[in-house]
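**Q** Sequence:
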Amino acid sequence: MLKTLRSLATVIFAATLLAATAAATTLPPKLTAKNTRVLEGDSGETIVKLKLRLNAPALSDTSVTWKTRNGTANRGEDYVKASGRKTIKAGKQKARIKLRIKGDTEVEGKEFFKVIFADPTNLELERRRVRVIILDDD
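In our numbering, the protein residues as written are 1 to 138.
For the record, the hints were derived by calculation from the structure and aren't laboratory data. As the structure is a computational prediction, the values presented were derived from the model and not from experiment. Just to be clear, a hint being listed does not mean it is correct.
Simulated restraints, written as ranges between beta carbons of each label pair [as the list claims (entries may be wrong)]:
1) Thr105 with Lys30: 40 to 48 angstroms
2) Asp136 with Leu59: 42 to 50 angstroms
3) Asp119 with Lys51: 16 to 24 angstroms
4) Arg96 with Leu59: 17 to 25 angstroms
5) Glu106 with Lys81: 14 to 22 angstroms
6) Lys114 with Leu39: 17 to 25 angstroms
7) Arg37 with Val107: 13 to 21 angstroms
Glycine included, C-beta positions come from ideal geometry on N, C-alpha and C.
The task is simple: from the sequences and hints, build the whole structure.
**A** Structure representation (structure tokens):
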């Protein structure tokens, strides 16, 4: 009986050690975002939703700081400057950032601005920046 209890204790200890080691070596989820396209519109503002996705559900809340930056599109003229910190709650994998595009009737061709990611918490960044491509519809 004592031998059986010792064997059982050894098995439990080994399983606990294995689980703790696996938890300690688990990599944080990776955040992905892709370039996004949006039609400009002739007036007012159009909302574009930039999709963020973790490659696996997070074990704890994750977050990332983001901000817009000019490319060939200019803030105030082609899009509304924005920034913030986006959180994806534990157990979730998706989030969206809403960005505003300014419409006009000028013939411009396609333009883009960037969304820059920084300061990740409990996640890794697959890319540090993506483009929002504004397609001219004039």
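**Q** With reference to the structure, classify each hint as holding or not holding.
**A** Hint by hint, here is what the structure shows:
no. : hint                                  : verdict
1   : Thr105 with Lys30: 40 to 48 angstroms : holds, 41 angstroms
2   : Asp136 with Leu59: 42 to 50 angstroms : holds, 44 angstroms
3   : Asp119 with Lys51: 16 to 24 angstroms : holds, 20 angstroms
4   : Arg96 with Leu59: 17 to 25 angstroms  : holds, 22 angstroms
5   : Glu106 with Lys81: 14 to 22 angstroms : holds, 20 angstroms
6   : Lys114 with Leu39: 17 to 25 angstroms : holds, 19 angstroms
7   : Arg37 with Val107: 13 to 21 angstroms : holds, 18 angstroms
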